[in-house]
Structure formats: C-alpha cells, structure tokens
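**Q** Spelled out from the first residue to the last, the chains are:
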Amino acid sequence: MIPYVALSALLFVIGATTVLLRRNVIIVLLGIELMLNAANLAFVTFARLHGDVTGQVIAFFTMVVAAAEVVVGLAIVVAIFRSRRSVSVDGENAMRH
Amino acid sequence: MNAPPIDWFALAPILIPLGAAVLAVLLEVFIPARFRRLVQMSWALTAITASGVWALIRALKPADEAVSAVGGHVLVDPLTLFVQIAIALSAILAIIVIADRTRSGEDAFSPQPAAAPGSPDEEEALAAKLVHTEAYPLVLFATGGMMLFPAAGDLLTLFVALEALSLPLYLLTALARHRRALSHEASLKYFLLGAFASAVFLFGASWVYGATGTVRFLGIAEQIQGQGLGADPMLFAGFAMLLVGFAFKVGAVPFHAWTPDVYQGAPAPITAFMAACTKIAAFGALLRFAYSVLAYVTWDVTIALWTVAIATMVVGTALAMVQRNIVRMLAYSAIAHTGFILTGLVAFSAEGISSTLFYLLVYGVATVGAFSVVAAVRLRSGTLGAGALTFDSWAGLGRQSPILATAMTLFLLSFAGIPLTSGFVAKFGVFAAAFSADAMPVAIVGIACSAAAALFYARLIYSMFFAEPAEALDAGERTQGLTNITIAACAVITLALGLWPAPLLDFATKAAALLP
Numbered sequence: 019m020i021p022y023v024a025l026s027a028l029l030f031v032i033g034a035t036t037v038l039l040r041r042n043v044i045i046v047l048l049g050i051e052l053m054l055n056a057a058n059l060a061f062v063t064f065a066r067l068h069g070d071v072t073g074q075v076i077a078f079f080t081m082v083v084a085a086a087e088v089v090v091g092l093a094i095v096v097a098i099f100r101s102r103r104s105v106s107v108d109g110e111n112a113m114r115h
Numbered sequence: 027m028n029a030p031p032i033d034w035f036a037l038a039p040i041l042i043p044l045g046a047a048v049l050a051v052l053l054e055v056f057i058p059a060r061f062r063r064l065v066q067m068s069w070a071l072t073a074i075t076a077s078g079v080w081a082l083i084r085a086l087k088p089a090d091e092a093v094s095a096v097g098g099h100v101l102v103d104p105l106t107l108f109v110q111i112a113i114a115l116s117a118i119l120a121i122i123v124i125a126d127r128t129r130s131g132e133d134a135f136s137p138q139p140a141a142a143p144g145s146p147d148e149e150e151a152l153a154a155k156l157v158h159t160e161a162y163p164l165v166l167f168a169t170g171g172m173m174l175f176p177a178a179g180d181l182l183t184l185f186v187a188l189e190a191l192s193l194p195l196y197l198l199t200a201l202a203r204h205r206r207a208l209s210h211e212a213s214l215k216y217f218l219l220g221a222f223a224s225a226v227f228l229f230g231a232s233w234v235y236g237a238t239g240t241v242r243f244l245g246i247a248e249q250i251q252g253q254g255l256g257a258d259p260m261l262f263a264g265f266a267m268l269l270v271g272f273a274f275k276v277g278a279v280p281f282h283a284w285t286p287d288v289y290q291g292a293p294a295p296i297t298a299f300m301a302a303c304t305k306i307a308a309f310g311a312l313l314r315f316a317y318s319v320l321a322y323v324t325w326d327v328t329i330a331l332w333t334v335a336i337a338t339m340v341v342g343t344a345l346a347m348v349q350r351n352i353v354r355m356l357a358y359s360a361i362a363h364t365g366f367i368l369t370g371l372v373a374f375s376a377e378g379i380s381s382t383l384f385y386l387l388v389y390g391v392a393t394v395g396a397f398s399v400v401a402a403v404r405l406r407s408g409t410l411g412a413g414a415l416t417f418d419s420w421a422g423l424g425r426q427s428p429i430l431a432t433a434m435t436l437f438l439l440s441f442a443g444i445p446l447t448s449g450f451v452a453k454f455g456v457f458a459a460a461f462s463a464d465a466m467p468v469a470i471v472g473i474a475c476s477a478a479a480a481l482f483y484a485r486l487i488y489s490m491f492f493a494e495p496a497e498a499l500d501a502g503e504r505t506q507g508l509t510n511i512t513i514a515a516c517a518v519i520t521l522a523l524g525l526w527p528a529p530l531l532d533f534a535t536k537a538a539a540l541l542p
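Quick mapping for you: the protein sequence lines, in order, are chains L and E. In terms of our numbering, the first sequence has 69 at position 51, counting the first letter as 1, and numbering is strictly consecutive. In terms of our numbering, the second sequence has 300 at position 274, counting the first letter as 1, and numbering is strictly consecutive.
This is chain E alone, in the form it adopts within the complex (with noise of 0.2 Å):
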C-alpha cells in the first residue's frame, strides 16, 4: 500500500488552525498569568488570520489550482475556499468579542469553570480575579475541525471534521461567567442530542459504505451510476441518517430543538462565534455531499429536502415571533434563516451554489454583528442585569447608546431582507435560484415567511428606539470596546455587500465548481 502523496500547502488553511490550538494548549502552561490573555488572543488571531488569508491567495488564484489532496479524502476546490475564507472572517470578528471585558477585567467566562457555581471555590477564584483562557484553544480546534469540513471528500473525514468541530462547542458552552447553572444545562443538552446526531450519522456512513463498498463521494456516485443503486433500499436509509446528522448540525427542522437552549445558555461571544461558523461550515458539507452523491440517486430526494427547507423556515418564523427573549428569538430565526439557506441548495444548480454561498457569508457576518451588540449590553449590565435580554428590557436602548442600537438595527435589517443590506441581495438570490429550478413551492413559503419575519424584526427595532425605557441597561460598567471593533466591522460589510454586492457575488459564482 503506497502513502498518498500530500499537498501541505493545500492543506494549510485547516491544519494551520489545529496546529496552532496545540502549541496554545502549551502557552496557556508556560505563560504568566498576567500576559496569558493578550498572548492568546494575539495568537489566536494571527493564527486564523493566516489560515483565512492563505485559503484568500488560493482562491484568487486561476481555478485550475482544485487539488484533490490526501488521494482525495480531503478536497480543495474554490467551493472549500470560499467556505473557508467565510469561516475564517467570522472566527477573527468572533475572537475579537470573545476577548473583550469589562474596565474591571472580567470577562465572559468563568473564572474556574470547574468549581460548582455558588461554591466556595468560585467565590475565592472571584476574589483573586483568576482569568481561564481555555477559551481560545478550544476556539482554534472548533475552527480547524469547521475548515475540514467542507473540504471532507469522503464519510470519515466527514465524521471526524465533524466531531473536531463539535467537542470544543460543548465544552465552550459551559464556560459562561455569570448564570451558570444555565450554562451547564446548555452544555449537556447540546451536548447528548449532539452526540446522539453523531452516532447516527455514523451509523448511515457505515450502511452506505456497505451498498457501495467505499466512503469516498466520488466512488459512491459511481457505484450509484455505474450499479444501478439508485433505488437500493439499504443506501436509502444511510443517506437518510446522514442527512440526519447535517440536519442537526446546521438546525434544521426537525433537529432543530436544542438551538434556542444552547444559544440562550453559551456566553453570548461564543454564541456569536458558533452560529455564524458552524452554520457556514455544515452548509459548506452538506453542499458538497448534496451536489456530489445526493443530486445521482433516482428516488426523489428533492421532495424530502423541500418539505425539510419548507418545515424549518415555517417553524423558525413562528415560533421566532411568540418569543420574549432577544437570545431565543435570534435563534428561531437562525432556525428560519437555515431554512432559507436550503431553498438556494435545493435549486440543484450552479446558480443554487453560488447563491448559497453568498448567503452563507453575509449571515455569518451580520449574525456575529447581533451577538456582539448582546454580547455587549450583557457585558455592561453585569451580574445584576444578565438576565436582561428581554424586549421589555431592551427598551430605550436607542437613547441609552444609539450607536448600539442603530447597528443592531442595521443587522436586524439585514437579516429581514430589506433592501441597501446585503441580506437583501442573499436572499434575492437563494430565491431568484429556487424559481429558476422550478422548486416553486419552497420560493413561495420562502417569501412568505420573510415578509412575516419582518415583523419581529421589527417589534424589537420599535421596543430599542419607540418604547419608553423600563430601567438603566448600564447598570453595570462598559467593555474596554473590543466589541465595538467587531460591531463596527459587521455593520461597514453589511452595508458595503448590500450597496455593491458584485464581487462577491463574482467570487461566489466562480466557487461554484466542485471537485468530483
């Protein structure tokens, strides 16, 4: 058996990542405590900023540059690029919140997330202002495991991006400062419903290999051509429980229950990273499986992906509207918005990819945009007001820091798809792609449900500038304004994208070539 011939510098965007989350596991041993914060943030950054910039120069290469690396297991076609350098943005603006603090220097995790919450224990940590940056290895593990994903070009790479991606979320998600218990409980459910969507996962990945006899996209595509397997039962049921798995990654109905709990409960900078970057690397996967094996089968897989795409963009807008909670409401309509994301993929189309990936991009910004703006008025309000993220407490806050408010409102708007943001030019084009595939139906819901989920959008707008103010939101102390940096970052390209979106929308169109 021969070695495959490796392409490092193909692979680099993703092992970059993953080598420097190791040599940060050692940092966090050997560096004084004092300077462990900015070192890890420092590196952290430097690391992602490389990884997203080396994918940049791959990508802006000619297209022939495709390498089929590691014989084929991983794929770095201008699919994977674009995913990657999505990835990588959102991660840099993510980090940069998860590093800010309050002028006291406390930060949005827990100053020993190992002691029980109320303990003894805690309250000493507490008192010597101890600071756990855990926080950013466990950040730059997650995002290499979300840069293989995409790239994976057969069911274990997959399986194994996956769950590298997966684990330090569930650790991350405990990690909150202030109402832990909360936190601990996000975790866990998180956690087993995630481990539960792996196994099955797994389970398809080992039926399909037994029709097939291989794990690789392209050989199953083949065998599926070349065997007539198209309508083989055994076959039906794997890619049915593979599906399972991308649907709970990315939320979709019905694996959708655990995103409102574990939005609410994670520190809310690592909800910011973690919607935007998770959502953008399952897609990026689910594209490549759904484009590369899916799109050979013979019984009517469209169906079932429409009645899924239909099902989660009618539940997350429904459910999104009766909420109370600002946390629970952005994550129904990140469950609305996976949705929407789906009717570009079901378009079967070039145009379907590109308009996907399009999407992918510009929510992941504008979604990191609304964390931080919640990550930021958590942070000022302090222990007193961690609670605080009601519509009712939200009030005033257009008088209170209008410049808080106007950006949320940009990121809101974005998200509702009006035009001059870049939400709008997403979502005309997932749309636009559906039409053009005669996927009818799912265009139609699509646009229906975005015209209703204008209105909560809207109800939280009118509660930040037209409601009168319930109570003081700056009860605690202001951040040091890392946050700001991120904000004003998510607002200039949400705004840049919806006012000339044509490059991107160029460099999405030539990413829509997949390696087999």
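Bound-form chain L, shown alone (with noise of 0.2 Å):
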C-alpha cells in the first residue's frame, strides 16, 4: 500500500509545482485537477489500508466537486479569453499594489 501513498504525494508535487510555475491558465487547471485526483488516491489508498469505506465514499464526492469546479473555472478562462485572446497568467496586471 505505501507506493501508492507516495504515488498520491508525487501526483500532488507535480500537480501544485504546476499551478505555481506554468502561465498557461487551461494547464494551471490541469495541475489543480491532479492535485485533487492525487487527493482522491490517497483517500483510496488509506479506506483500503484501514478496512473503511469512509475514504472511497470521500472520493466519489471529491469527483462531483472537482466537476464544478472545473464548470467555474473554465467558465470565467472563456470570458477572459473572449476579451484578451490570451489564457496567460501573466497578462492579468492591470491592478497595482
């Protein structure tokens, strides 16, 4: 069971280093979609570790919010994509500190 725990943990690294280095809205989506699915292997991993249905039914409910989720989300990258015609982090500085 432990490689599939370090499984999860190396999905999720891959996943955040994603969100924090890539510019490309569409794939920084992506990285968070891997770290939630990294979250839901580790649930499994552990339901099957303690002989508990807890963490498979977990799963099931991180699916359903990991949809929504991505209905917002690319919801509000094509509305900025409609105005810009870019999906890039980097063009959003219009707001100075």
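What the hints contain is simulated information worked out from the structure, not anything from laboratory work. A few of these clues could be false.
[What the hints assert, rightly or not] With the Cβ distance kept under 10 Å, some of the chain E side facing chain L (calculated, not the full set): (1) Pro194; (2) Leu214; (3) Thr240.
[What the hints assert, rightly or not] Just the calculated beta-carbon pair ranges, DEER-fashion: (4) Ser104(L) x Pro146(E): 17 to 25 Å; (5) Ala493(E) x Val31(L): 48 to 56 Å; (6) Ala330(E) x Leu38(L): 21 to 29 Å; (7) Ser101(L) x Gln253(E): 48 to 56 Å; (8) Gly97(E) x Val89(L): 27 to 35 Å; (9) Arg40(L) x Glu248(E): 40 to 48 Å; (10) Asp464(E) x Ser104(L): 50 to 58 Å; (11) Ala153(E) x Val31(L): 48 to 56 Å; (12) Met260(E) x Arg40(L): 26 to 34 Å.
[Unchecked claim] Stretches of chain L that chain E covers, calculated by requiring three or more beta carbons in the stretch to come under 8 Å of a beta carbon on chain E: (13) 29-38; (14) 78-88.
On a predicted model such as this, the values are computed, not experimentally measured, just so you know. Beta carbons are placed, not taken as given, at the ideal position from N, Cα and C, and that holds for glycine.
Hints are included, so try docking the two chains, each in its own frame, into the full complex.
**A** Here it is, written out as structure tokens:
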C-alpha cells in the first residue's frame, strides 16, 4: 500500500508545481485537477489500509466537487479569453499595489 | 449499513437558503423580465431572513437543544447557531445593497456577463437595458455553504461546504458592470488561488484520514488521545495542509495576497457580502476545528498560530498604511482584522470563543456598512468615476453628502476600536482573552497594531471632512436609496453594540459551548 501513498504524494507535488510554475490558465487548471485526484488516490489507498469505506465515499464527493470547480473555472477562462484573446496568467496585471 | 436519522429542524437554517437557491434558478427562467429583479430580491431576502430567524429561535431555547444531526456529520450547537445568525444578518444587509441601482435602473452587475467587455454584444445589451439577476441565486448558494461551514463535524462536510461557498463567489466576483476587465482578472486570481488552497486542504484531509482512520472531528480527537498520535508526523503534515486551506479563506498571512485584488475587482456590493460573510463562516469553522481537534495535539501548535496571528496583524497594518485606493486600504485592514480575530482564537479558552464570536458579528456588520458606503459612492459617480476610489477623490465627501461621510466615519472608528463603538468592546474582548491565556506577545502586538491602524483610518476621515474637494463626486446619478437602508442599519447596530454590548456578550458567552 505504501507505493500508492508515495504515488499520490508525487502526483500532488507535480500538480502543485504545475500550478505554481506554468503560465497558461488551462494547464494550471490541469494541475489543480491533478492535486485533487492525488488526494482521491490517497483517500482510496487509506480506505483499503484501514478496511473502512469512508475514504472511497469521499472520493466520489471529490469527483463531483472537482467537476463543479472545472465548470466554474472554464467559464471564467472563456470570459477572459473572449476579451483578451489570451489565457496567460501573466496577462493579468491591471491592479497595482 | 443503517441510514443515520436526519434532524430536519436542526438542518433547516442550512437547507432553506440552498433550497431557495435551486428554486431561484427556476424563477429566473419563468418570471417575466420586468418583475424578475423584484421577485428575486424578495425571494432571497425572505429565504435568508427565514433561515436566520429559525437559527435565532433555536438559539434562544435552552442549551440542551444542541443536536448532532446526520450521524454527527453536522453539529448544530450554540456556536453554529451564533455564527449562522451572524451570517444571516450580514447577508440580509448585503443583499439590500446588491439590489440597489441608480435612478435610471443601472445596478452594479453586468447586463450580459457572457459578452466580452467593449464588444458589440455588450453595447446591444446595454442599449436594451437587459437585467440579469443571477446574482441572487448565486448569493443564496454561497450563503447556504456558509451556513454549513461552521456546522461541519467532519473533514468531508467541511470540504463540501468550503466549495459550496467559494464557487458562487468566484462567479459573483466576475459580474461587475463597470471596469469589467478588472473584475474578470480578480475573479481569475480568486479562482486559481482558491482552488489551489482547497486542493491542499483536501490532500491534508486525506493524510489526517490516513493517520487516524476517520474524518470525524470527535474520532480524530479520540484517536490522538487514545493511540498516542499526538506527535505523529503524518498527522502533523495533514493538519498543516488543512490550516493552509483555512488561512486562505480567512485571509491570514502568508495566504492573504488575493484579498486586495478581489475586493477591488468585485462589484462593491459583492465585496460587502463576501468580506463579511466569508470571514464569519470561515472563522466559525476554524474555531470548531481548533477547539475540538487541534487542542489535543502535543506539538506546540499555539506557537504556529501565534506566529500567523502576529504576522497577519503586522503585514495587514503596514500595507494598509501605504495604500492610495480606499478599497485596497479596507482590504488590508480586513487582513489586520483577521489577525485581531486570531488573537482571540489562540487563547484556547471559553473566553476566547465568546470574544471571537462577538468580534465576528461586530466586524461583519461594520464591514457591510463600510463597503455599502463605497458602493453608494461608486454607483453615484457612474462610469466616469468608477475608478474614483482614491483618498483624493473622496476629499470633500463630508460636504457633499454629510450623512454618508458620517456613517463611514462611524464604521472606521469601529474598525479602529475607538470607545463608544462596537469595535472597542470587540477588541477589548479578544485582547483580554489573549492576556488571560498567557498569549502576551500576541496581545501586545495586537494593541500596537490597533493603535497604528488608527492612523490610516484617521487619514480617510481627514480627507473626507477637511481636505479640499478635488472634483464633484456626484457627477453621476443618485441611487434609489436601498443602500441607505443598509448603511443606516449598520450604523445603528455599530453604535448600539458600542453603548450597550451586554446582551450580545451574554449571548456570545452562552454560545461558547461546542459539541464534540
């Protein structure tokens, strides 16, 4: 079971790195999805480890939430793409400190 | 497997806004356009009032009414009820501002959110005077999530509530009528950082589940005590990641960066709604998590919380001083206030809970009031002055509209914690709780920051009353006047709680009882 925990941690780190380093919003969204699914894998692995179904049930909830999140995220990205013709995070800098 | 008994009466304050939101989506389709705004506004106000009154009636009954509904996944105890009442109150006040518009019928929201800014589609929508009222169902959905957030008795419910309150807010942020590019940008930033924080939160939850085999707060606390997991590194990592999620939602350093951008870009009424209600809900949930789970770990978690509280107060205050935009100043001041509220929370005593709860309600009302004044000034200055939110542009507001400026002054004095306003009683409460719990450094930094914060509040008051007016602020039209109702109500509550805080303090003291 330990390899699965390690795999989920690895996926999470890849996802987080993607979010922090990549500039394209769509790729950043992919990174967030990877992080959520890393959590899913960890939940299912631990459910197996503990002989408990809670973790598996949580995985279903996470899938629904992740789907809703993508819907909202893509709606915002499409709205921005229509006005700027670009989906780069760097393009977003109208606000000054 | 047996289905858990469901106590519908206890769940009603959560279910009413969510059910009303689903129906409001249908109303949007079936009600003719000219009645839509009126119907949606009354529907949203009715639903949230019903939910708040329901919570109030339960809270006024004897304390043994606390129930652990749905098999302990939702905990309806005095703490939950107090937070729900505070959320409902702030949400009602904010919805009145959301519903306001100028005399020619322009509200704060885009007539056609799907059209690109400046495109022919948008001009057509503007010319046709389209009114989109999606804001109301979205606010209802967000309020439902907020009502559930402090009641969550396990990590899964907490995560679902977190998303239920966040997703509508991401969309609401993008709906501004003027300066739409800024609004889109704020929405994207809020969404990306928010989604990142919730993913970290969920991964943290999975590790806590891995270490303890349960996601129930009660079960986690029992495992920590029974199995000697107090120093387990996996649990430590899990809790750290969960706290990142919380710190993001309450806007604590180092996860505060989104606050000024989002407050600035979102439509002002939405800023009023989310600045008050999200903070109340997130602190309600954090209180429960800290007091029923974190209190049992053996590594010194208080030092970490102290550091966050001190850093939040210092960074918020220092950055608020150098702002030239009023909304950004208020946003950094909101960050500083997160630090003040954390000061009450880190006391880890009953006094800490009651002072935090009192602070949340007081802060929520004053915040809605302050952003309502911003919304009123913004609406009346029209497209011309949509950017008119610098200190200079507010110069002379005291002469042009003395009532608005006086109300703003009252809210600022309350933020600064000047006696005779509610903010003084609230700040006194959290600092006293920190002192009596030996959290001296936090309390001392808190008092210093709160004194320093008075500087930038005074600067705005000076500029409103004593500076020479730069240009006419009321170049645009007047509003229909709904915002004034909220401003008046917030001012009355702020003053009343400053002069006569005893009943609410008693109520908050009674609410300092948590179900396990």
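**Q** Please go over all the hints and tell whether each is borne out by the structure.
**A** These are the hints, each one checked on the structure:
1. Pro194: holds (9 Å)
2. Leu214: Hint holds; Leu214(E) Cβ to chain L Cβ min 5 Å, cut 10 Å.
3. Thr240: holds (7 Å)
4. Ser104(L) x Pro146(E): 17 to 25 Å: holds (21 Å)
5. Ala493(E) x Val31(L): 48 to 56 Å: holds (52 Å)
6. Ala330(E) x Leu38(L): 21 to 29 Å: Roughly 22 Å apart at Cβ, these two residues keep to the hinted range, so it holds.
7. Ser101(L) x Gln253(E): 48 to 56 Å: 55 Å Cβ-Cβ, so the 48 to 56 Å window holds.
8. Gly97(E) x Val89(L): 27 to 35 Å: Because 30 Å falls inside the window, the suggested range holds.
9. Arg40(L) x Glu248(E): 40 to 48 Å: holds (42 Å)
10. Asp464(E) x Ser104(L): 50 to 58 Å: Given a distance of about 54 Å, which is inside 50 to 58 Å, the answer is holds.
11. Ala153(E) x Val31(L): 48 to 56 Å: At 52 Å between Cβs, range holds.
12. Met260(E) x Arg40(L): 26 to 34 Å: With Cβ atoms ~29 Å apart, the hint holds.
13. 29-38: As far as the segment 29-38 of chain L goes, the hint holds, because 4 residues have Cβ atoms under 8 Å from chain E.
14. 78-88: With 5 residues closer than 8 Å to chain E, the segment 78-88 of chain L meets the three-residue bar; holds.
The structure fails none of the hints (numbered hints given earlier).
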